[in-house]
Every structure is written in structure tokens, then in C-alpha cells.
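K.L.:
Taken in sequence, the protein lines are chains A and B. Count the first sequence with our numbering and you get residues 1 to 267, in order. Count the second sequence with our numbering and you get residues 1001 to 1295, in order.
Hints may contain errors.
[As the list claims (entries may be wrong)] Derived PhoX-like pairs (lysine-lysine); straight-line CA-CA distance at most 20 Å:
(1) A/LYS60 <-> B/LYS1016
(2) B/LYS1265 <-> B/LYS1279
(3) B/LYS1188 <-> A/LYS179
(4) A/LYS179 <-> B/LYS1075
(5) A/LYS60 <-> A/LYS134
(6) B/LYS1084 <-> B/LYS1235
(7) B/LYS1235 <-> B/LYS1265
Treat the hints as calculated values from the structure; they're not laboratory data. These numbers come from a predicted model, not from an experiment.
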Amino acid sequence: MLDGITLGRYIPTGSVVHNLDPRAKIIAVMLLIISILAARQPITYMVITTFIILVIIAAKIPLTAVLRSLRLLWIVLLCGFIFQAFFTPGQALTTLGPLTITREGLLGAGEMLWRLANLITVASLLTYTTTPIKLTAGMEYLLSPLRRFKVPVHELTMMMTIALRFVPTLLEEAQIVMKAQQSRGASFTRGNLWRRAMSLVPLLVPLFAGAFRRAEELATAMEARCYRGGVNRTRMSELVVGRADQVAVTACGVLLIATVVLRFIQV
Amino acid sequence: MSIIEVHELTFVYGRKTPFEVTSLQDVSMEVLEGEFLAVAGPTGSGKSTLAQHFNGLLRPTFGSVTVLGINTRDKRSAAGLWEKVGLVFQYPEVQLFGETVYEDIAFGPVNTGAGKEQVDRRVRQAMELVELDYHRFRDLSPLALSAGERRRAAIAGVLAIQPRILVLDEPTAGLDPAGRKRLLGQIKNLQRAFDCTIILVTHNMDDAARWADRIVLLDQGRLYRQGATREIFNKPEELLTIGLDLPFPSTLVHLLRGAGWSIEKTALTIDEAEALVLKARDAGFPSCSANPGHS
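The following block holds chain A by itself, in its conformation from the complex (with noise of 0.2 Å):
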């Protein structure tokens, strides 16, 4: 039931987007994530998929793995489509009962189709290449500036290392306990509403009382090796932006000024 989940998983391969400051690839997946909002023209489309398609070959990660997330959410893409091509008022092509489809309806959900299908394959190209604690270090460095409003940014991005950390080791955990009271004769799809959730009991008790214990023994390991908080807290590897970064920021820049100016230029 929880096999195979690739969702935002690093998979590590060593290429050159893996070895990119995390900053950089902050910055170039958020101008790339307005490219999308902000493309109108199917050239544009064009451009922008051939870019990442560009991105993940160079990643070296296995299209098939960036399918496969793409899966998981078929159900989101395809409930945004349907409701698109039959709500969106225009030029009637054909009609199902009481529905009609229009030509609007269906280009417009073509186009949302497409701005989500890339959204989630850019947001996921970030945390396949990126490991949890570079990304988190990117954020707090990104985000420092908010310490001058009294922002606990520190604290914020160590909770998101520990939580991204555990999420793997609790999956695992979940996958474990489940088989055990499988092999106790437990089914978790039988039966009406009440019972399923009611099965999920002997799943969850196990599940929190060992996320709980992780919990104790982390802080304490943490209170051993006396930590405390952010303050003139050093890295053991400290991020450096090198050329490959300027090109990588500088080439997602150029492809949103390119987006945005198409889109004012051209009807």
C-alpha cells in the first residue's frame, strides 16, 4: 500500500544539478514557477517543458520516476480537467446530458493541466536532486531576513529538517506495523466506514507511541551534544555559490523575462 512512494524523495546520482548550491535552486524553481503562472502562448509551453525536460535529463533522474508521481496525483489533474471543460462558458462543442463542453472550457483545461503537470514535476525536480538538510539550509539562509521581525527562523527550519528526516524512518515504521497485525488477521478494507476506521486502531496506537519515543530519544541525544538554538550556530559545510549557479539562476531569470514580455507583446 505505501511501496514505491517516490513523491519528493532525493534520489541521489551525483550529476551537476545535484551539486548546485541549494539557494540557487531555490531561486530558480520559484522563477521557474512564475514562468508557468505567467505563460500564456503555446510557444511559451513549449519552451518551458523542453526546459525542465532539459533539467531532469541532466539530473539524471529516470523520467519514469517523475511519471510516477505525476500518478499519484492523476486524480487532482483529472477532477481540475473535467470541471474546467464543463464549467467554462463559450462556444458549445458537444454536450453530455445537461452538460456542455466548450471550446473555452477545453483550452482552459488543457492550459491548467499543463501549468499543474509542470508545477509538480519542477517542485518535485527540487527535492529529488536536493537532500533534506541542504534544502532546509537554503531556506534559513533565504529566509534570514525575516529575523529582523522576530521570526524564529532557526527554530522553523530545524523542525522541517527533523520532520523530512522522520518521514522515511515512520513510512517504514507504518509498512511494519501494518503487516504485523495483518498477520493477526487484520484487514484495513473490509467492512462499512465505522469499522475500517476502527481497524486503523491497532495501526496508529503502535505508530504514535513510536513516533513519541523517537521524539524523547532525539531531544535527548540533541540536550547530549548540548544544543542549543540558533545563535552563532556554524555550518559544517558551508554553502558557496559557484559559476554553475549563476548560469543555472541566470538561465530560469532569462526564461521569465522571455515568458513575461511574450505574454504582454503578443495577443
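Let chain A serve as the given structure and place chain B on it in line with the hints.
P.N.:
Structure of chain B alone, referenced to chain A:
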């Protein structure tokens, strides 16, 4: 008669993802009815993966597993296998969820659809088998027990299903030597009293030597050896090359043989080792006169 037949089993985790790992490759083995079988091998040899094939939790990627005449690929008939093949996971105490020990142990029997009285009887019997006093423990929360008691309560939860085959994955991990001996003794009793078939997954060769009738050795996902316990320990070099230890008595005999003592057999227990050593000494080899301190 064989009760489980594994034929050219290959199992791949996370197939068609970037995290694909082949955990078992071309493993063929069998389990005989009523025997105490040890599945041994170094860490990462695929022991636990194999164990989860015995009750249909995992299905072969290639090859087949037949348990009590049921091919585990057949989803519908394999769904009922949990009643016949009890599987005790590693660190089973993490799966305890009941408010009381009784409720937790009764979970399996209740799922079999047994009546209240029968559930009650099975819980009592299971607790007796693992030596947890019924009246003292039945209403306690599992969290109030000691680590060893929790382990035994969790195992009782599987025993209460009264399976014909019991698979235990490293049941003694983290227990002290006394607790280890006690638990495995209880399992041996179970085999004798109920004609259960026991499959013990372990990397502790002392346990394997002491309790098992037969041993299946895995190494890096492949079948390395299978045979009677004594046969396996008669060839110590084979064990040492895959990074497993010999049980202490076998090591002793092996070393003495290397030092020129004429001992033909291997020893599985300390008593056997003692008898062999005494016999070799009485036969006058090696000449004890070399060391006047010994008589």
C-alpha cells in the same frame, strides 16, 4: 513431508522505481512438517524477506511459494494463511496496541471469528506457554510491563491464533542470555506439545545449534547451504567465509582438531564437547605427558 515448498523464489523490492533492490534470488528450499528449522545468515542476507513469504505477506516476484498446499500467488486462498502460519516480527513489542494485555492477545483469536469462550481459553493457553501469569497480567496495560514481559506478551498474541506453523524473526534480539534461553525453551516445548512446525530466523549460531533440527543458510539473497544442523557445523570453513560464527562448542572442537587432537565429530552443546574431549584424552592423544601439570 514438506509443509512449505519454495521454488526458485526471486523477490525484488520497489520494482520499477529508482530504489529497486533484489532481496532474494533463485532460492529453493523446503520446510518439513513438525521440524524446528533455523533460517540463518548474515545481516542483509534476505532472511526476513523470506520469512514474510511464508504467510503470504509478500508474494514472489518470480518463482513460487507453496504453503500447506496453497500457492501464495493465489490472492484469495492466501488471504486466510495468517490463521495457519503465525509470524512473529522482529521486536514484536512495538505492535502492542491494546489497553490491556488480554485485549491485545485476544486480537488474533477474535479475528479468526472464534466465540468468546474459545477466545478466553486460547488467551489463557498462550499466556501459559510464554509463562505470563494470567491473573496477574490480564488487566495490566502493555506499557506497564518490563521489556522481556512485553516481548512475551506480543509473542503470546501470535500463539493465541494457534497456528500450525510458527515463524519467528529474531525473537531473542535484545534479550539477555537467560531470557533468550527461556524464550527458546518455551518455543521448543510448543513444538513438542502441539506438533507445531517452527521456523526460527536468526543470526545467532549458538541458538541455531542448540535448538534447530535443520538449518537453511542464506548469503546475499541466495541459498548458501541447507541440511541437518550437525552437517552444517561439520564444515566450519563454509560458515566462516560468509561471516557467520560457529557456536562455541563447535569452535572449541574445531580448534582442538587444528591443534592435532583426533576428534572426528563436531559438537553442538557444551556437554557433547566435553564428552568428545574426554574421549580423545582417554585415547591418549595428544600425548599428555608433554604437560606434566595435567594428569
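K.L.:
Are the hints correct? Go through all of them and say.
P.N.:
Now the hints, each set against the structure:
| no. | hint | verdict |
| --- | --- | --- |
| 1 | A/LYS60 <-> B/LYS1016 | 16 Å, holds |
| 2 | B/LYS1265 <-> B/LYS1279 | 12 Å, holds |
| 3 | B/LYS1188 <-> A/LYS179 | 25 Å, violated |
| 4 | A/LYS179 <-> B/LYS1075 | 16 Å, holds |
| 5 | A/LYS60 <-> A/LYS134 | 19 Å, holds |
| 6 | B/LYS1084 <-> B/LYS1235 | 35 Å, violated |
| 7 | B/LYS1235 <-> B/LYS1265 | 10 Å, holds |
Checked against the numbered hints above, the structure violates hints 3, 6; every other hint is satisfied.
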